[in-house]
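Asker: Sequence:
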Amino acid sequence: MVQSSGGGFGYTLVHAAQVWRTEASAALAPHELTVPQFLLVMALYRQHRHAWLPLTQAEVALRLGMDANTTSQIARGLEARGLIARSPHPDDARARALSLTPAGVDRAMAASVAARAFNDLFFSPITVAQQELLAAILESLTEASEKRS
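Heads up: the sequence shown begins at 0 in numbering that gives the first Met the number 0, then just goes up one per residue.
It is possible that part of the hints are untrue.
[Stated by the list, open to error] Under the rule of at most 25 Å between Cα atoms (straight-line distance), these lysine to aspartate or glutamate pairs were calculated in the DMTMM-like manner:
(1) Lys146 <-> Asp90
(2) Lys146 <-> Asp66
(3) Lys146 <-> Glu131
Because the hints were derived from the structure by calculation, they are not lab data. Predicted, not measured: the structure shown is a model, and the values here were computed from it.
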């Protein structure tokens, strides 16, 4: 078995995620977005680029693995800043549809470039093949956990 840093694999995973998040936060700071805000904006940007049907807050929360209350708080904050719009969903009167405003699209485009550059730098110490293996391993762990839930 591979030796860990002494705290076990869970510690190593959490520590790497914390380091990534700290650096990602710094990369996103010039765009005035936190990591959770960026993830929500990017989910809506993807929807916008593909001209998909509007996403509900619940759909965004599910896609991002966030709880509904956190997603709602983030969405309200982004709406107050003029980056997203929340409106009645066309297919479900009880749901709120989220979409980017023109300012939100501009912010998403700029922040996406910064995030991509950051990720390229952060993961550059490992090869593309190692990155693909890491992604597959993390997805396997997530899927196994979801099956236990």
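Asker: Now look at each hint and say whether the structure bears it out.
Answerer: Status of the hints after comparison with the structure:
1. Lys146 <-> Asp90: Violated, because 30 Å separates the two Cα atoms, which is more than 25 Å.
2. Lys146 <-> Asp66: Between Lys146 and Asp66 the Cα gap is close to 18 Å, so the pair holds against 25 Å.
3. Lys146 <-> Glu131: Since the Cα atoms of Lys146 and Glu131 sit roughly 23 Å apart, the hinted pair holds (cutoff 25 Å).
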